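Visitor: Okay, here's what each chain looks like letter by letter:
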Amino acid sequence: MKQTRTIEIVTGAFIVLGFVALYIVATSATNIGAYGENKGYTVSAEFNNIGGLKPRAAVTMAGVAIGRVTDIRLDPKSFNALVSIQIDGRFNQIPDDSTASILTSGLLGENYIGIDAGGSDKFLKQGSGIQYTQSALVLEKLIGQFFSKAAEPGSK
Amino acid sequence: MRLLREAWYILLGFLEMMGACGLFLVRLIRYTPHALRRPTLIFQQIFNIGAMSLVLIMVSGLFVGMVLGLQGFNTLNKFAATSALGTLVALSLLRELGPVMTALLYAGRAGTALTSEIGLMRATEQLAGMEMMAVDPVRRIVVPRFLAGVISMPLLVGIFNAVGILGGYWLGVIHMHVDQGSFWSDIHTRVDLRDDFFSGVAKSFVFGVAATLIAVFEGYYAQPTAEGVSRATTRTVVNSAVAVLALDFLLTALMF
Numbered sequence: 001m002k003q004t005r006t007i008e009i010v011t012g013a014f015i016v017l018g019f020v021a022l023y024i025v026a027t028s029a030t031n032i033g034a035y036g037e038n039k040g041y042t043v044s045a046e047f048n049n050i051g052g053l054k055p056r057a058a059v060t061m062a063g064v065a066i067g068r069v070t071d072i073r074l075d076p077k078s079f080n081a082l083v084s085i086q087i088d089g090r091f092n093q094i095p096d097d098s099t100a101s102i103l104t105s106g107l108l109g110e111n112y113i114g115i116d117a118g119g120s121d122k123f124l125k126q127g128s129g130i131q132y133t134q135s136a137l138v139l140e141k142l143i144g145q146f147f148s149k150a151a152e153p154g155s156k
Numbered sequence: 001m002r003l004l005r006e007a008w009y010i011l012l013g014f015l016e017m018m019g020a021c022g023l024f025l026v027r028l029i030r031y032t033p034h035a036l037r038r039p040t041l042i043f044q045q046i047f048n049i050g051a052m053s054l055v056l057i058m059v060s061g062l063f064v065g066m067v068l069g070l071q072g073f074n075t076l077n078k079f080a081a082t083s084a085l086g087t088l089v090a091l092s093l094l095r096e097l098g099p100v101m102t103a104l105l106y107a108g109r110a111g112t113a114l115t116s117e118i119g120l121m122r123a124t125e126q127l128a129g130m131e132m133m134a135v136d137p138v139r140r141i142v143v144p145r146f147l148a149g150v151i152s153m154p155l156l157v158g159i160f161n162a163v164g165i166l167g168g169y170w171l172g173v174i175h176m177h178v179d180q181g182s183f184w185s186d187i188h189t190r191v192d193l194r195d196d197f198f199s200g201v202a203k204s205f206v207f208g209v210a211a212t213l214i215a216v217f218e219g220y221y222a223q224p225t226a227e228g229v230s231r232a233t234t235r236t237v238v239n240s241a242v243a244v245l246a247l248d249f250l251l252t253a254l255m256f
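Chains R and X, in that order, are what the protein sequence lines are.
Residue numbers 1 to 156, in this note's numbering, belong to the letters of the first sequence in order.
Residue numbers 1 to 256, in this note's numbering, belong to the letters of the second sequence in order.
One or more hints might be untrue.
What the hints assert, rightly or not - Which residues of chain X face chain R? A few of them, derived with a C-beta cut under 7 Å, are:
(1) L4
(2) L12
(3) I42
(4) F47
(5) A51
(6) L54
(7) G158
(8) I159
(9) I165
(10) V191
(11) D192
(12) F197
The set of hints was computed from the structure by calculation and includes no laboratory data.
Model, not experiment: these values are computed from the prediction.
Ideal Cβ placement from N, Cα and C applies to all residues, glycine included.
Using the sequences and the accompanying hints, generate a full structural model.
Guide: Below is the structure:
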């Protein structure tokens, strides 16, 4: 009787320990926080070129993360990229003439969207679109432009 | 010509084994609801399979995590990217090493025990005795062990991962002085709950089914002699290892 009780206790401890370990790994070693922020509003922005932007990329304002890219589509008429951005509900006072630009973190880092506040007293809300956008800088194009400028006769 | 015929027989034998294994799995799943009504049997086996593997899993996880920390640090240091060490350790463990290493250790520690136990029951005619008493040995002996293995594996993988990340943390942050904040914040931004964590758990579940199925199958159909049981035990380790690695490739190709 004593022995079966020990077995039961050890087995119970093992099961509890296993679930606790799974829980700890899930909460403290993953981006679980990013899954909670579904309260908020979605705005859209149209870019000529999004570079390497991917869904779930960060959206920042002054370097502070305020939301995430939820969806990227191609507009079939204008052939521009339509990016849906979900912004956390706490940040509900962003002027509607703000500029969204696609930036790169570090020299080789990943792309994210930076929003620079405008001066309007109307705010972005669910479904509104960001008018002023700035596309990603594509390094190859930049280098190409540089060389074509340098090769122009009489430029200097 | 003879070579061709040999190859043909090997292929036939392989297919036969796969088929028998599959049928056995169907039988086990069909008896599962029945076995769930007697959870005591399952808990006893979770003790044998899971709780007794705990120390082995924790020690191995610690060492694997520390090796990852060390190797990762040496490589990342060349690119001045040691802040990504946490991500390297966590992603390697969650996606690959956790499930695979645990499954291989499990096959060696618990799989062999299952095979030799059931095989010896067959050799000493305990299974036949049960059949005489109108007790189906598959229901009474095999199914609880199978379920216990399937339940234990994801738990063991969770413990392996947790200890492994701690091992990597210990080596990277405390020994190599990687910044503690960047170690964790890099993990938090780059390890995805669904793509990395849950796909790892799904992997461990599949490995649990495969490794336990092979163990109980080899035990149940072992030749009822001392030599037969020993051969079945060897086959359990070899087949489980190959099955786990092959399934790992398949699942990785499917999920990522």
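Visitor: Taking the least C-beta to C-beta distance, is I165(X) closer than 7 Å to chain R?
Guide: The hint holds - I165(X) has a Cβ within 7 Å of chain R, the shortest such distance being about 6 Å.
Visitor: Holds or violated: the hint that I159(X) contacts chain R, with Cβ atoms closer than 7 Å.
Guide: 4 Å, holds
Visitor: Using 7 Å as the Cβ threshold, decide whether F47(X) counts as touching chain R.
Guide: It holds, given that the least Cβ distance between F47(X) and chain R is near 4 Å, below 7 Å.
Visitor: Using Cβ atoms only, decide whether A51(X) comes closer than 7 Å to chain R, and label the hint accordingly.
Guide: 4 Å, holds
Visitor: Was the hint right that L54(X) lines chain R, CB cutoff 7 Å?
Guide: 6 Å, holds
Visitor: Quick check on the hint: L4(X) CB to chain R CB, less than 7 Å?
Guide: 50 Å, violated
Visitor: Grab the minimum C-beta distance from V191(X) to chain R and call the hint holds if it beats 7 Å, violated otherwise.
Guide: 5 Å, holds
Visitor: Does D192(X) hold up as a contact with chain R if the rule is Cβ-Cβ below 7 Å?
Guide: 6 Å, holds
Visitor: With 7 Å as the cut and Cβ atoms as the points, is L12(X) at the interface with chain R?
Guide: This interface hint is violated because 41 Å lies over the 7 Å limit.
Visitor: Holds or violated: F197(X) as interface residue toward chain R, Cβ cutoff 7 Å?
Guide: OK, holds: F197(X) within 7 Å of chain R, min 5 Å.
Visitor: Does the nearest C-beta of chain R fall within a distance shorter than 7 Å of the C-beta of I42(X)?
Guide: 10 Å, violated
Visitor: Does G158(X) pass the interface check with chain R, least Cβ-Cβ distance below 7 Å?
Guide: 4 Å, holds
In the structure shown, a violation is registered for the earlier hints numbered 1, 2 and 3, in ascending order.
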